[in-house]
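The primary structure of each chain is shown beneath.
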Amino acid sequence: MNESTILTVENLSVALDGLPTLSNLSFSVQQGEALAVIGPNGAGKTVLFRALLGLIPFDGVVRWRTGARIGYVPQRFTVERSTPVTVLEFFLLNSPHFWRPRESDMRQIEEEISRMGLDARILRKRMGELSGGQTQRLLIAWALVPQPDVLLLDEPTAGVDASFEENVYSLIHRIQTERNKTVLLISHDLSVVYKYAQNVLCLNQSIVCQGPPLNVLSKDALARIYGESGYYAHGDHPR
Amino acid sequence: MPEFVHQQTFWIALFVGIASGSIGPFILLRRMALVGDALSHVALPGIGLALIYHLDPFYGVITFLAGAALLVFWLEARSEIPADAIVGLLFTANLAIGILIIPNDEIIESLFGAFPTLRTVFLLAILSSAAALTLCSFLLARRFLFSIVSPDLAKVYGTGRGYELALLLIFAMIVALGIKLVGTLLMGALTIIPASIAKNVARSMREYVIFSTLLGGAISVAGAWIAAKLHFLPGPSIVLLGVAVFLVSIAIRRHSI
Chain A
1 MNESTILTVE NLSVALDGLP TLSNLSFSVQ QGEALAVIGP NGAGKTVLFR ALLGLIPFDG
61 VVRWRTGARI GYVPQRFTVE RSTPVTVLEF FLLNSPHFWR PRESDMRQIE EEISRMGLDA
121 RILRKRMGEL SGGQTQRLLI AWALVPQPDV LLLDEPTAGV DASFEENVYS LIHRIQTERN
181 KTVLLISHDL SVVYKYAQNV LCLNQSIVCQ GPPLNVLSKD ALARIYGESG YYAHGDHPR
Chain B
1 MPEFVHQQTF WIALFVGIAS GSIGPFILLR RMALVGDALS HVALPGIGLA LIYHLDPFYG
61 VITFLAGAAL LVFWLEARSE IPADAIVGLL FTANLAIGIL IIPNDEIIES LFGAFPTLRT
121 VFLLAILSSA AALTLCSFLL ARRFLFSIVS PDLAKVYGTG RGYELALLLI FAMIVALGIK
181 LVGTLLMGAL TIIPASIAKN VARSMREYVI FSTLLGGAIS VAGAWIAAKL HFLPGPSIVL
241 LGVAVFLVSI AIRRHSI
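Those sequence lines, one after another, are chains A and B. Residue numbers for the first sequence follow the numbering used here, beginning at 1 and rising by one. Residue numbers for the second sequence follow the numbering used here, beginning at 1 and rising by one.
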């Protein structure tokens, strides 16, 4: 494995309930790269992430660089309303100082929260009381607190208002470039892919195309990925 | 002599009550209130077998409860098996077997508990185990909560299923410690009741665990004291007192909303 390679995937295949969901995926990701994963519904994008994270069984090889710290922002996340866990406690789940948080922990949490445009008062709220958009922003802040080397984002702006969506992406972009973090991003928004991703992985059970978006996302390729009707799935279209 | 007996009861009620309260919130949040409640029934054939082979019943209790905890853990990982039906049937079958094999003069005590008269060594072993298990609940609280809030995130960040097994085993051991005093039918309830009350008043998870722990100690000591005064069995007194406090906590909650 190359020094700067942070992830190598070879012949990755996943079968869910006996049905092939991903077949023979091979690709690698470099340190500091932003890789967008695109594809229609049911293409296996989330399944790919879950396999990379070791959450589901798979065939083939998934090799992270030794010691690479991974941050994960899942697509769907809800905490039951009646569970009395507060936002602060949610952040402390990852800290060994759950019962008596240290000042440095608190500072870091507050910093990441304000970076995501949230007020520190939200820490006292219960997780179950938050709106979808608040939860989504919080999850990104949450994933950043432990200072990961790689960030896996599964549609990070689902449920975030359109006005904030652009903010989220430019923020993620800043994190990637300033802190040299690797970003793997599932997105339906091709404008985001063109703007922020160095490489794109088009998925539809197997890899349909991969490479820099401007090179590989030709009209033909898009038709192959999304079908002739184009790429208007989820109400997003290239701007 | 009677004062001494009551003193033993007091200490066991306090320590086991506290331990029950400390683990209860996690059992409740995992939606295992009913499984947890019924788990204690599994101890009954253990008591019966121990009596038949002239062993201390505690060994039978701990073996059967640990076995039940492992079974629940195994079933949870298998979505294709109707776990709730199996647990329900198996636990009830254990209760039935236990009732058949336990001698008649021991049955009431096994089911509903009794004022313990233990050797000092044994008493100290129970108290120190209860204290150690309480400490474990607090130290592992973050891990338990993590896998309840999001099993996926927990796994990605290093909190694997091993902690779920730890939770079930700690729970089974606390139930085992309390069975002498509270009985196999009602001991499960002692772990659920303080947590149910605390949930109605706590504003955070940390408050929830602390309230539940304190309530566990207070309710079981007060219940055992009432039983001693009025010559009731300790198990039913503790459980009924707990349920009464629960009803009050609902009223408080309604009032505060």
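Read the hints as simulated data drawn from the structure, not as lab findings. These numbers come from a predicted model, not from an experiment. Honestly, I wouldn't trust all of these hints.
Unchecked claim - Here are the in silico distance ranges between beta carbons for each label pair: (1) A:Arg179 - B:Gly158: 18 to 24 Å; (2) B:Trp74 - A:Pro20: 35 to 41 Å; (3) A:Arg179 - B:Ala251: 51 to 57 Å.
What the hints assert, rightly or not - Covered by chain B, per the in silico footprint, the following chain A stretches (three or more residues, Cβ under 8 Å): (4) 17–30; (5) 50–59; (6) 92–105.
Glycine included, C-beta positions come from ideal geometry on N, C-alpha and C.
Each hint tested on the structure:
no.: 1; hint: A:Arg179 - B:Gly158: 18 to 24 Å; in the structure: holds (22 Å)
no.: 2; hint: B:Trp74 - A:Pro20: 35 to 41 Å; in the structure: violated (29 Å)
no.: 3; hint: A:Arg179 - B:Ala251: 51 to 57 Å; in the structure: holds (52 Å)
no.: 4; hint: 17–30; in the structure: violated (count 0)
no.: 5; hint: 50–59; in the structure: holds (count 4)
no.: 6; hint: 92–105; in the structure: holds (count 7)
Checked against the numbered hints given earlier, the structure breaks hints 2 and 4 and satisfies all the rest.
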